[in-house]
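**Q** Produce the entire structure from the sequences given, and follow the hints as far as they go.
Top to bottom, those sequences are chains Y and U. To convert, count from 1 in the first sequence and add 1301; that's the numbering used here. To convert, count from 1 in the second sequence and add 1; that's the numbering used here.
Keep in mind that the hints were calculated from the coordinates and are not lab data. All residues carry an ideal CB built from backbone N, CA and C; glycine is no exception. Accuracy of the hints is not assured; some may be wrong.
[Unchecked claim] Here are the simulated distance ranges between beta carbons: (1) U:T117 x Y:D1710: 54 to 60 Å; (2) Y:P1712 x U:A48: 50 to 56 Å; (3) U:F24 x Y:L1741: 33 to 39 Å.
[As the list claims (entries may be wrong)] What the simulated footprint calls covered on chain U by chain Y, stretch by stretch (three residues with Cβ under 8 Å from a Cβ of chain Y suffice, anywhere in the stretch; the number is not a length): (4) 22-36; (5) 74-84; (6) 97-104.
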Amino acid sequence: MIQPTSNPPASELQIIEDATCTFCGCVCDDIDLHVQGHQIVKAQRACVLGTSWFLNHEIEDRPACLIEGRPASVEQGIDRAAQILVQARYPLTYGLSDTTTESQRVAVSISDWIGGCVDTTTSVCHGPSGMAFQGAGEVTASLGEVRHRGDMIIFWGSNPAESHPRHFTRYSLMPKGMFLPEGRKNRTCVVVDVRKTKSAKAADIFVQIKPKADFEGLWTLRALAQGLELDPHQVETDTGVPLSVWQDLMDRMKKAKYGVIFFGMGLTMTRGKHANSEALLLLTRDMNRYTRFVCKPNRGHGNVTGADNVVTWRTGYPFAVNLARGFPRFNPGEYTAADVLARGEADAAMIIASDPMANFSQPAREHLKSIPYIALDPKETPTTRHAAVAFCVATYGINVPGTVYRMDDVPIPLRPAFPSPFPSDLEILQGIERRVRSMLQN
Amino acid sequence: METFILIPGRTSNQGVGISEGKFKSTYQAEIHRLLMAPDDMRRLGVAAGQTVRLRSEHGQVDVAVEPAKGDELPTGLLFIAYGDLSSRLMGGDTHGSGMPTSKGFDVMLEVLPVPTNPDPN
Chain Y
1302 MIQPTSNPPA SELQIIEDAT CTFCGCVCDD IDLHVQGHQI VKAQRACVLG
1352 TSWFLNHEIE DRPACLIEGR PASVEQGIDR AAQILVQARY PLTYGLSDTT
1402 TESQRVAVSI SDWIGGCVDT TTSVCHGPSG MAFQGAGEVT ASLGEVRHRG
1452 DMIIFWGSNP AESHPRHFTR YSLMPKGMFL PEGRKNRTCV VVDVRKTKSA
1502 KAADIFVQIK PKADFEGLWT LRALAQGLEL DPHQVETDTG VPLSVWQDLM
1552 DRMKKAKYGV IFFGMGLTMT RGKHANSEAL LLLTRDMNRY TRFVCKPNRG
1602 HGNVTGADNV VTWRTGYPFA VNLARGFPRF NPGEYTAADV LARGEADAAM
1652 IIASDPMANF SQPAREHLKS IPYIALDPKE TPTTRHAAVA FCVATYGINV
1702 PGTVYRMDDV PIPLRPAFPS PFPSDLEILQ GIERRVRSML QN
Chain U
2 METFILIPGR TSNQGVGISE GKFKSTYQAE IHRLLMAPDD MRRLGVAAGQ
52 TVRLRSEHGQ VDVAVEPAKG DELPTGLLFI AYGDLSSRLM GGDTHGSGMP
102 TSKGFDVMLE VLPVPTNPDP N
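**A** Set out below in structure tokens:
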């Protein structure tokens, strides 16, 4: 059992300024943390999600390593983990969205040594958008540019009021910008969704689209942008929204000086998936004939964008990569974790900073439970509970430094609050890589 | 039994619960709560807190229902926070995309009878 250091720091209050919150893709880096000993007691400026993140990641009284549910040393865990990976014929490395870029790099290296699949939580989040980027391209901007210029902000299939609570206040709706001196008053907010979410209540215009009809809605707008004549009855039947509403929206979009479309799981997880994302990317591109328009996927986890970047640097592709032939191959649907598990193909796995046992389909979860896998997480989760080797690791951004990428691909440093007796993801992965290489050489 | 469209999604409470711990009450309560439009609840005679059975082509779950606030949810739609229950109803097929259909899929809803109190005698 890991014990706190024998001389714990005195419990006088320490303030860590401009700490970085990594709960969601907003990656707010203006949080002032009030720290007493091994506990954050206040997170100034953090939203409800960030506050819970900071205040609930304390030092837990758990072993740093469990092998088959029994306490073991970290060295034993690393050895067993390396054995599992080296002996596998089709190993899968998955997750990576809640760890540092430094750790993500090592995870990709391990996948390369063992000739496995490497996939990230992108595949069940904005993976379809990633596929669409490759076909349609992304006309985009930083969140800073949105804050200073964006006068028409559209949220399509995204509910930032619940998933990214500071999105409106820090970036997209409320702040005064260089070219928007009156802040909210200078902006028009549109929400397109199948239900009236909390975000819809903050909007000037809410378009309640029929479920599973986002593709049709986006292509209606594409047609209207080009002045094509549409059958009103057909449009309303297909989308659940009268043509006049779409026309009004397009007229407003064309009058905007700088339009922004943020999009979310409402597009990527429903009928159409990458075709929905592609339609939105193409609409954004189309709009640049008339005015300036950009789009950005709202990313859910603190460093899922980092995972896209790192896996792309290392392999040429952002997710769904297979390295079994000694060179990277990319194929969503073939090498993505949801498929590799649901089809029963992987015979071992390493799950880093994610929880597929909570969120994957039943066939995928049943198969994952049946194979030996390694899990790294600061918290106990359904995934760590069934792992052959489970490491309790220090929390990135709270205990350990590193680099993360905000949803707009801006790299941001972490400013940790207090040390942890647990090893970091990086230390564990570096240990596994050394052991894997040593085993392969022998 | 009736067909509805199920929308699993994120909620702030679920996010708070993730940090507290997925085995603790905030997260567990949030992922075990199904929101239904009040008009649908009235029409089907479902009371707040009553259990319904949801069946998809991939699985079934029993879950307690709460009314959505006001006009948040149109009739014919159900909402649940992402988690174990929504995952049980999801299929493994990603149709070549890597992404299972996780939102906006059909479920059959069956209202389960309220258990009667056992005779104390």
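**Q** So, for every hint listed, does it hold in this structure?
**A** Results of checking the hints against the structure:
Checked against the hint of 54 to 60 Å, the C-beta distance between U:T117 and Y:D1710 comes to roughly 59 Å, which is consistent with it. Separation of Y:P1712 from U:A48 is about 52 Å and conforms to the stated range, judged on CB atoms against 50 to 56 Å. A beta carbon spacing of about 37 Å between U:F24 and Y:L1741 agrees with the range 33 to 39 Å that was offered as a hint. Here's how the stretch 22-36 of chain U fares: 3 of its residues keep a CB closer than 8 Å to some CB of chain Y, so the rule of at least three is met and the hint holds.
For a cut-off of 8 Å, the count of residues in the stretch 74-84 of chain U with a CB near a CB of chain Y stands at 6, and the three-residue condition holds. Counting residues of the stretch 97-104 of chain U whose CB falls under 8 Å from any CB of chain Y gives 8; the rule of at least 3 is met.
Violated hints for the displayed structure: none, as all numbered hints are satisfied.
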